[in-house]
Amino acid sequence: MRSISGLMILVAAATFYLYLLSTNLPPGPKRKPSEDQREKSGEDSDPDPGSEEVRTLTFPSDLEELQELAELLKFYKTEHTAYVLLLFCSAYLYKQSFAIPGSSFLNMLAGALFGPWQGLFLACVLTTVGSTYCYLLSRTFGKQHIVRMFPEKVSLLQRKTEENRSSLFFFLLFLRFFPMTPNWFLNVTAPILNIPMSIFFFSVLIGLIPYNFICVRTGVILSEISSLDDLFSWSTLLQLLAIALVALIPGALIKHYSQGTLKLDELDKNGHQLDKKLR
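Counting from 1, one number per residue, gives the positions in the sequence shown under the UniProt record's numbering.
Derived by calculation from the structure, the hints in this document are not laboratory data.
Every residue, glycine too, gets a C-beta built ideally from N, C-alpha and C.
Heads up, a few of these hints could be off.
Simulated restraints, written as ranges between beta carbons of each label pair [stated by the list, open to error]:
{"hint": "1", "residue 1": "Pro196", "residue 2": "Glu79", "range": "42 to 50 Å"}
{"hint": "2", "residue 1": "Ile9", "residue 2": "Glu65", "range": "27 to 35 Å"}
{"hint": "3", "residue 1": "Asp62", "residue 2": "Ala82", "range": "35 to 43 Å"}
{"hint": "4", "residue 1": "Glu68", "residue 2": "Ser198", "range": "19 to 27 Å"}
{"hint": "5", "residue 1": "Glu65", "residue 2": "Tyr17", "range": "17 to 25 Å"}
{"hint": "6", "residue 1": "Leu63", "residue 2": "Leu21", "range": "22 to 30 Å"}
{"hint": "7", "residue 1": "Lys74", "residue 2": "Ala13", "range": "27 to 35 Å"}
{"hint": "8", "residue 1": "Thr81", "residue 2": "Leu238", "range": "15 to 23 Å"}
{"hint": "9", "residue 1": "Arg148", "residue 2": "Pro27", "range": "31 to 39 Å"}
{"hint": "10", "residue 1": "Asp62", "residue 2": "Tyr83", "range": "37 to 45 Å"}
Put together the whole structure using the sequences plus the hints.
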């Protein structure tokens with residue numbers, strides 16, 4: 001119970017910090033009311049320049065919310081770059097550290113806000129650091145609880161990890177390139193599997209580059225389109241195809257290496273079923 005209470009205190013403190021950061025916004029853009037709102041209120045002129053809409057920031061759950069959030073933060077970035085960077089890093093580390101799904105939207109937001117290369121750099125660093133925090137939290141607070149909640153899944157991963165101990169780094173890269181289990185589950189089970197932190201750190205940093213690359217580049221493209229017609233244009237489709245092909249190259253190399261080196265038979269058979277049960 002002590003471990004659970006300690007973890008809950010950390011979650012509560014981090015949530016409170018993120019809440020304060022997202023609600024104490026610097027002065028932002030003012031929005032004019034729509035024509036319908038003006039007709040209802042009987043106003044034909046612009047609103048009072050001193051009036052400002054109260055803004056609250058939330059994690060995006062779909063592409064429309066992502067675009068709206070990106071547009072808002074782009075304004076703040078021109079005036080308050082340090083604030084936007086701190087807010088983005090804090091939100092990303094919050095999700096990664098506590099194994100909360102939804103990193104793909106934040107990766108796309110990184111591309112929309114910081115561009116393709118700075119966004120990719122940020123996504124890779126934050127993914128790695130956040131996953132390492134998750135590793136440490138699991139090792140400190142949750143090992144016994146994870147084994148109790150997912151005994152069969154942990155047992156399968158533990159068995160395959162031991163079989164591939166001589167090629168552990170490439171085994172972990174394979175799991176990142178071809179996620180038969182969710183990334184968050186690999187993060188929380190890594191201490192149970194006795195994976196050294198250094199190997200875990202670099203396997204996340206390198207293994208998630210293709211995934212981060214696809215998401216960040218997609219975010220860059222989405223930030224440049226204004227309608228669905230733009231999304232399905234030949235230019236956009238060719239860019240997405242090129243991104244997918246580039247991201248597939250590292251995975252193809254790892255898969256070629258794994259065929260003669262790694263032992264994945266049982267994992268191949270049960271991996272997709274394991275992934276579905278953990279979603």
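Hint by hint, here is what the structure shows:
no., hint, verdict
1, Pro196 <-> Glu79: 42 to 50 Å, "44 Å, holds"
2, Ile9 <-> Glu65: 27 to 35 Å, "30 Å, holds"
3, Asp62 <-> Ala82: 35 to 43 Å, "29 Å, violated"
4, Glu68 <-> Ser198: 19 to 27 Å, "40 Å, violated"
5, Glu65 <-> Tyr17: 17 to 25 Å, "22 Å, holds"
6, Leu63 <-> Leu21: 22 to 30 Å, "24 Å, holds"
7, Lys74 <-> Ala13: 27 to 35 Å, "30 Å, holds"
8, Thr81 <-> Leu238: 15 to 23 Å, "32 Å, violated"
9, Arg148 <-> Pro27: 31 to 39 Å, "50 Å, violated"
10, Asp62 <-> Tyr83: 37 to 45 Å, "25 Å, violated"
The structure is inconsistent with the numbered hints 3, 4, 8, 9 and 10, although it conforms to all the rest.
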